[in-house]
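Asker: Make the complex out of the two chains shown on their own, each in a separate frame, by following the hints.
From first to last, the protein sequence lines are chains A and B. The C-terminal position of the first sequence is numbered 345 in the working numbering, with every residue numbered one higher than the one before it. The C-terminal position of the second sequence is numbered 210 in the working numbering, with every residue numbered one higher than the one before it.
These aren't lab readings, by the way, just hints derived from the structure by calculation. Accuracy of the hints is not assured; some may be wrong.
[Unchecked claim] Coverage of chain A stretches by chain B, computed from C-beta distances (three or more under 8 Å per stretch; other residues unrestricted):
(1) 18-31
(2) 80-86
[As the list claims (entries may be wrong)] Partial pick of chain A residues on the chain B-facing surface, computed with a CB cut under 7 Å:
(3) P187
(4) G191
(5) L255
(6) A256
From the three backbone atoms N, C-alpha and C, an ideal C-beta is built for every residue, glycine too.
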Amino acid sequence: MTTLIVAGPTGITEHDGGPAHPERQARLFAVMDGVRALGLEDEVVYPALRAASLDELERVHSATYLAELEAFCARGGGAIDADTYARPDSWTAARRAAGAGLVALAELERRGEGVAFVPVRPPGHHATGDRAMGFCLLNNVAVAAASRSARGERVLVVDWDVHHGNGTQTIFWDDPDVLYVSTHQHPLFPGTGRPEEVGGPAAPGLTLNLPLPPGATGDVVRAALDEVARDTIEAFRPDWVLVSCGFDAHRADPLAELELSSGDFAELARVVREFAPPGRLALFLEGGYDLEALASSVEATLGALVGVPGHAPAPTQGGPGLAQLREDRTVRLRAIDRVHADAGP
Amino acid sequence: MPALSPNAPAGGRDRPAGYPADLEREVVVAGGLRCHVRPIRPDDAPQLVAFHRQLSPQSVYLRFFSFHPVLSDAEVARFTSVDYVDRLALVVTAAARLIAVGRFDRDPGATEAEVAFVVADDAQRHGVGSLLLDDLAHAARQRGVETFTADTLAENAHMLHVFRHAGFPVTSGVEYGTVSLRFPIALTAAAQAALDVREAARLVPTGPGR
Chain A
1 MTTLIVAGPT
11 GITEHDGGPA
21 HPERQARLFA
31 VMDGVRALGL
41 EDEVVYPALR
51 AASLDELERV
61 HSATYLAELE
71 AFCARGGGAI
81 DADTYARPDS
91 WTAARRAAGA
101 GLVALAELER
111 RGEGVAFVPV
121 RPPGHHATGD
131 RAMGFCLLNN
141 VAVAAASRSA
151 RGERVLVVDW
161 DVHHGNGTQT
171 IFWDDPDVLY
181 VSTHQHPLFP
191 GTGRPEEVGG
201 PAAPGLTLNL
211 PLPPGATGDV
221 VRAALDEVAR
231 DTIEAFRPDW
241 VLVSCGFDAH
251 RADPLAELEL
261 SSGDFAELAR
271 VVREFAPPGR
281 LALFLEGGYD
291 LEALASSVEA
301 TLGALVGVPG
311 HAPAPTQGGP
321 GLAQLREDRT
331 VRLRAIDRVH
341 ADAGP
Chain B
1 MPALSPNAPA
11 GGRDRPAGYP
21 ADLEREVVVA
31 GGLRCHVRPI
41 RPDDAPQLVA
51 FHRQLSPQSV
61 YLRFFSFHPV
71 LSDAEVARFT
81 SVDYVDRLAL
91 VVTAAARLIA
101 VGRFDRDPGA
111 TEAEVAFVVA
121 DDAQRHGVGS
131 LLLDDLAHAA
141 RQRGVETFTA
151 DTLAENAHML
161 HVFRHAGFPV
171 TSGVEYGTVS
181 LRFPIALTAA
191 AQAALDVREA
201 ARLVPTGPGR
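Looking at chain B on its own, in the form it has when it is part of the complex (with noise of 0.2 Å):
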């Protein structure tokens, strides 16, 4: 899915080794936002602790379930370099803002892994949260990946929408307020074909005017 678009930027600066320069895209998504989805890199770090500055206490909660208001070096060395085989991270620009992180980690070579993201308080309910999930599934399937967790928290109703509504069969329990899903992320008929509803509204349009 995620050809590299001949609209999309080259990697740039500092393209760390194993960088993954065919998860990067451009995409619209609802309101016209035009974005590019690429992987993670190591420079990303101040861009990383500004968005994560900017977040909300609540949007902050909701993501890592704590007060958690400064990344920790240690995290965001964490966060940015990643391995993009069994640690992968997407981010999405949108006029050159970083506005949305979105990751999954598994055991080396599991093919099981837990999906997470978070999306900046302006950009929430554009489909920017559907966007990072269908790039992430295909980047793990991509690596052998099989099946997605998350531990969602009850009140967190826009991203348990974003899992429930991609297509997945996915199965929950709650335990304290906290909801944990798991899905396969195969791309089966039903899979597919809500994914190509979504795409089919991501083209960016080309042409004179663009």
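Bound conformation, chain A alone (with noise of 0.2 Å):
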């Protein structure tokens, strides 16, 4: 059996807006009652967690941003926009939820096996290189891409949270190391993540925007991952493959209007480990707001990786979606065709 590395629970306490906020502390209980619902006991490795340092964050973040996000907590913290709040710890707690990441990749890397889980807050995919949004403080599948990119190895970021990471987007537009490919609702916050976004000069088509339609069903999303992006991903052979994993697409969600099952990701989650090479998974929370669907969608998306057989409900199917893919596949090559004439030859 496949090891299960667990590097959190991180930011139960620390930011805190309150039990009305979507984006709240049961959250993370409602997660570890997932983890705990697989049964594997002692079986689980909780490695000993660390807050990402300065230089660490840097590599997606500009320091003016990082000294101002620390100043604003220090001062008390506040409402940053309509969404997004920081408390007097979150400096705190964004950074050690930063650093989960660092760990489990660390942790993957010492022992060459198993499938590592990230679940903390505050969440990370909409943070970009200076600001926060959509709940986001630091990117922390991006501060996790990077650290292993700098080094020269490429990384795959599979965003199926149902809202577009234009954070990770953003951070590594132009970057020829790191594939990003998400699967979306469109339109929906935070608005991009349409097929025409497809990289910069230097990266052009390691952007992968796959949106769909409320309604979606499982297999439109999986369809999406595994058939549409596939060819991408494997000419692309990715050292590591980071899952933005939020459960916001699950047809219980609050925010969001697509209809997975947590069956569904169990099957998600199965695509993207045959993008991995063995040991290099690592899976972290994004968003999912409804505490029962966390709940079952994190143990059946675990409980398929490393081989607890399960109860999850069955996956969905016959949402519309799988004809604009099609469509959208069109678009997206006159764009990439359009980034290389645009950067002659």
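Answerer: Here is the structure:
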């Protein structure tokens, strides 16, 4: 059986926007209920956590932004925008969340096998190099990806959170060592993630957006990753596969309108595992705002990866979006062509 | 235009100072849905919170350009306590349920105001957005506003349709997926003609059996 490494939980108490905020403490309790439901008990590896250093954060965030965020928290924090808040301890919480991802990758390397799960708050994929937004302060998955691309390793980031990871896309827009692939409902917050967004002149085609309409079911998301994205991913030959693993595409989620069951996340997990070299797969918690859906989806996802048979609800099928994915392929190819043309001979 | 209809319920409890009762009226929109339009009041706060909660995430995003799942207390206070001069909001109710809210805001005394509205998901595509735009423009003209501006996401085809087919000469610019619209709201002959057509369809049937 595959070892399950859980680098977390962290951010339960330090980063608290109150029970009315959807990105709330109780999410992590639900997530850990899902881990415990696997019944692995002592077999789960919980490595010691640490905060990310400034050097590690500065691979993706500007020094100015980091200083501003630290000072904002030190002054007592408050609302950053209509969605995003910081508390006095949020700076510590965010650095620990980013650090947990680094710990997870180090533990995978040390063992040479296993799969890592990083259940942390605050989430990360909306945070850009110089801006907090969408509940996110520091971009956890990007900090982890940059730690390995800095060594010349190729990193695939698959983002199946129901919202587009604008922060991750922006950070790696022109980075030839990071392939960013996202499935997301569109239009929806944050509005980015159109198929014609394909990456910059140094990385044309290394941003792959797969927008989905409301009502899309698990078979559509699976086809997006397994069929539409497969060629791009296999040609890229990633050394690492990091997943921005939100569970808000679940049909019970209050912040979006996709129709996945927790069983669908098990299917998606099996697809991304195929893309990863052995012992090189880590899943980073992003969104997911229905507590029961979080628990059951975490259980199904991790169960599929470590080989614990579960009793997840059946995968879903029949929703809209497949035809659009095919049309978007053409839009994307034209956009890649334009980037090449603009870059000159 | 919106003369107080004899059928309209009186302004009701808790009428704040400056409440413009002349903006209340009863209308019928597409599909025969009978609606009541009136200025917002502070006691609309609970209804407004409930309204926002049941908007689909997509509608919330298209209106606020953010997740914005829950209105903050400060926002609720700001949205429901208006001065009816520089900040004015109208609500539309049907069968006692709030189905849409629209507002305009301007710097005190300015001739240009920003307009925005949102319609409940199950009431969309019934002309409620057009209704709000017409009544907001009417109220704004009364108060000396000459031009409306609006920021709308490029994906928001319904909203753009409402703005572009109101009969006003709309100019627009696009930046980062946001369409910025700007239009004078004077009742030119063309605007009046378009309004007359819409208003004729909104007449509440009177007489027996209504």
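Asker: Look at each hint and say if it fits the structure.
Answerer: For each hint, the structure was consulted:
1. Only residues whose beta carbon comes within less than 8 Å of a beta carbon in chain B count, and the segment 18-31 of chain A has 3; three or more means the coverage holds.
2. Counting residues of the segment 80-86 of chain A whose C-beta sits closer than 8 Å to any C-beta of chain B gives 3, which meets the bar of three, so the coverage hint holds.
3. A cut of 7 Å between beta carbons decides the hint on P187(A): the least distance to chain B is about 4 Å, and the hint holds.
4. At its closest, the beta carbon of G191(A) sits 6 Å from a beta carbon of chain B; the interface hint therefore holds under the 7 Å criterion.
5. With a least beta-carbon distance of about 5 Å to chain B, the hint placing L255(A) at the interface is held under the 7 Å criterion.
6. For A256(A), the interface hint holds, the least distance from its beta-carbon to any beta-carbon of chain B being 5 Å, beneath 7 Å.
The structure is consistent with each of the numbered hints, conforming to all of them.
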